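K.L.:
Now for the letters of each chain:
There are 2 protein chains.
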Amino acid sequence: MARAWHLKSRPSGMPTHDDFELKELSLPQVGDGQLRIRNRWLSVDPYMRGRMNDVKSYVPPFQLGEPMEGGAVGEVVESKAEGFAPGDLVLHMGGWRDEAVVSARAANKLPDLGAQPQQFLGILGTTGATAYFGLLDVAEAKPGDVVFVSAAAGAVGSAVVQIAKAKEMTVVGSAGGPDKCEFVRSLGADQVVDYRDGPILKRLAAAAPDGIDVYFDNVGGDHLDAALALARNNARFAICGMIDSYNKGEPTSLRFIMRMIAARIRMRGFIVFDFQPRMGEFYRDMGQWLASGAVKSRETVAEGLDTMPDAFLGLFKGENIGKMLVRL
Amino acid sequence: MARAWHLKSRPSGMPTHDDFELKELSLPQVGDGQLRIRNRWLSVDPYMRGRMNDVKSYVPPFQLGEPMEGGAVGEVVESKAEGFAPGDLVLHMGGWRDEAVVSARAANKLPDLGAQPQQFLGILGTTGATAYFGLLDVAEAKPGDVVFVSAAAGAVGSAVVQIAKAKEMTVVGSAGGPDKCEFVRSLGADQVVDYRDGPILKRLAAAAPDGIDVYFDNVGGDHLDAALALARNNARFAICGMIDSYNKGEPTSLRFIMRMIAARIRMRGFIVFDFQPRMGEFYRDMGQWLASGAVKSRETVAEGLDTMPDAFLGLFKGENIGKMLVRL
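Protein chains in written order, with this note's numbering: chain A, 548 to 875; chain B, 548 to 875.
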């Protein structure tokens with residue numbers, strides 16, 4: 548019998564263990580064009596918090612009492628689809644469970660880039676692509692720009708720092724606590740600010756005394772406000788995530804939003820799925836950076852399906868360095 | 548003796564009459580390359596509030612004890628500059644006074660568009676150009692778009708409404724009180740919401756049940772938040788002004804800023820001066836729209852230099868319909 552995490556209740560504010568339930572799941576027979584997959588790695592992502600709410604968004608909400616979903620890498624154990632054979636490693640969306648039956652059209656064999664399988668959930672997956680397209684396309688960051696990245700020790704943030712350095716930008720990263728700050732420094736960031744040390748605005752002003760050209764926002768709230776305060780003329784903000792707000796009912800309070808006018812700031816929200824047709828560019832560049840060592844991937848790994856809610860809740864307590872994963 | 552309004556004290560919050568002082572001004576002799584101008588019309592603009600603060604911005608602050616400045620149309624009464632003769636009407640920045648001596652390089656003869664002189668401070672001046680470039684370039688508004696314009700009875704807003712209709716967009720305008728709403732309706736707006744009737748979000752949701760593609764922001768605050776709440780995918784916001792915040796010390800509170808991500812919203816602040824090299828396009832289109840009657844200009848006129856602070860303070864009480872001017 549397969550097992551899957553189900554959504555037991557919709558949290559208001561920070562989710563708790565009571566919102567999740569691990570239950571047996573009877574899988575259907577594998578039909579024509581389908582695969583049965585034994586999962587090896589489960590992706591753990593902040594955006595999943597949004598799917599726990601019953602609101603329309605770019606991905607549909609999880610349904611109460613139903614199994615949850617997410618990115619996963621697994622091994623095909625039974626195939627009734629052309630081009631797939633037992634033993635193949637595939638990327639698919641049947642996560643939060645140990646086994647899944649999925650349509651072969653919703654599964655992709657891992658590209659042959661000489662990478663480890665779990666990297667396709669992180670640096671070579673939507674995480675890395677989010678960093679890549681967000682920085683280079685949405686924020687139009689160029690060599691020489693001063694780039695501020697929040698949550699720079701996180702999965703997306705740590706990729707942004709490294710891509711920015713590979714492209715010869717000056718990078719200021721924020722993170723919480725000395726270990727994470729040290730990690731961000733080890734990625735090549737020129738300046739690191741610890742937001743736990745005091746108001747981020749003051750720290751950022753000291754780290755980027757001439758202001759910033761680009762802000763890659765993973766946090767929102769006071770980080771966004773500090774970026775508005777210190778933006779140079781024609782600064783570009785890529786709005787990728789606002790983890791500070793996912794569990795809060797409170798509005799975002801911005802003292803410096805009026806600077807958008809005088810400094811001609813551009814802010815743009817984005818979803819990485821919109822860049823799907825351009826994944827070839829991303830694989831080419833990121834594959835080269837990984838091979839040359841210009842970009843390294845870092846993961847925080849929890850062991851076993853039972854740990855999935857812990858790993859997920861850990862994201863909001865800042866427990867991960869780099870990509871958060873569960874290994875089965 | 549000329550007379551000019553001087554900045555007596557820097558207001559915190561809403562300015563009062565005590566912040567202004569009308570004093571005599573001894574003008575210099577007209578030197579080579581200079582003009583003496585008798586002003587006919589003075590421009591009264593919300594952005595002038597920013598110049599009363601001692602902060603760096605896109606225009607330098609007014610200096611304490613010094614004469615204030617602003618757009619003006621006047622008649623040349625003495626010229627020591629080639630190409631200018633007594634009787635010429637010119638546009639220049641020596642406003643807030645009855646007479647000025649300025650460099651001819653800082654004065655422009657009014658283009659021959661068959662328009663009234665004061666229109667070059669409004670619909671054919673930076674006011675109209677702000678509406679034109681903000682809507683069509685910054686917000687990339689296209690025929691068929693649903694456009695929300697705040698302060699739609701104001702100088703810039705009323706121009707945006709008419710340009711949007713001339714370009715076959717659907718327009719929702721907000722204004723305060725029945726007279727202004729009636730005026731906005733008379734400009735061709737498809738829907739008008741009176742923000743004095745209750746929360747703007749609820750009103751806007753009723754007026755634009757399928758959401759908005761473009762928001763032209765003159766107000767900030769709750770109007771901006773409502774636009775974020777109701778933005779369709781790929782909506783574009785031109786951030787032109789935030790009159791709601793100019794006199795408040797409070798931060799802007801946004802409940803819906805996180806929608807930027809899921810809806811891929813683009814927000815861009817702008818300053819019309821950046822479009823100076825493209826004024827030819829604007830004169831061509833706006834000249835045609837005025838000639839054909841597709842765009843009409845509306846002015847609120849105060850009489851005499853003494854009324855200048857009243858006219859200015861009136862902007863923040865919503866006393867103007869269309870462009871606020873002082874006639875001398």
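Where hints are given, some of them may not hold.
Chain copies aren't distinguished; within one or between two, either way the pair holds.
Below 27 Å or equal to it, Euclidean Cα-Cα: the simulated DSSO-like pairs (lysine-lysine) are [what the hints assert, rightly or not]: (1) Lys-570 - Lys-689; (2) Lys-749 - Lys-795; (3) Lys-749 - Lys-603; (4) Lys-689 - Lys-749; (5) Lys-656 - Lys-714; (6) Lys-714 - Lys-795.
Quick caveat, the hints were computed from the structure, so don't treat them as lab data. Predicted model only: the values in this text are computed from it and were never measured.
K.L.:
Could you run down the list of hints and mark each one as holding or not?
P.N.:
Hint-by-hint comparison with the structure:
Proximity of Lys-570 and Lys-689 under a CA criterion of 27 Å is satisfied in neither setting, with 49 Å inside one chain copy and 51 Å between copies. Taking the closest pair of Cα atoms, Lys-749 and Lys-795 come within 27 Å of each other both inside a single copy (24 Å) and across two copies (23 Å). Taking the closest pair of Cα atoms, Lys-749 and Lys-603 come within 27 Å of each other only across two copies (19 Å); inside a single copy the shortest separation is 37 Å, beyond that limit. When the C-alpha separation of Lys-689 and Lys-749 is checked against a cutoff of 27 Å, the pair qualifies only within one copy, where the shortest distance is 26 Å, while the shortest distance between copies is 42 Å.
In this assembly of identical chains, the alpha carbons of Lys-656 and Lys-714 never lie at most 27 Å apart, being 30 Å within a copy and 49 Å across copies at closest. Taking the closest pair of Cα atoms, Lys-714 and Lys-795 never come within 27 Å of each other, the shortest separation being 35 Å inside a single copy and 41 Å across copies.
Hints 1, 5, 6, counting from the list given before, are not met by this structure.
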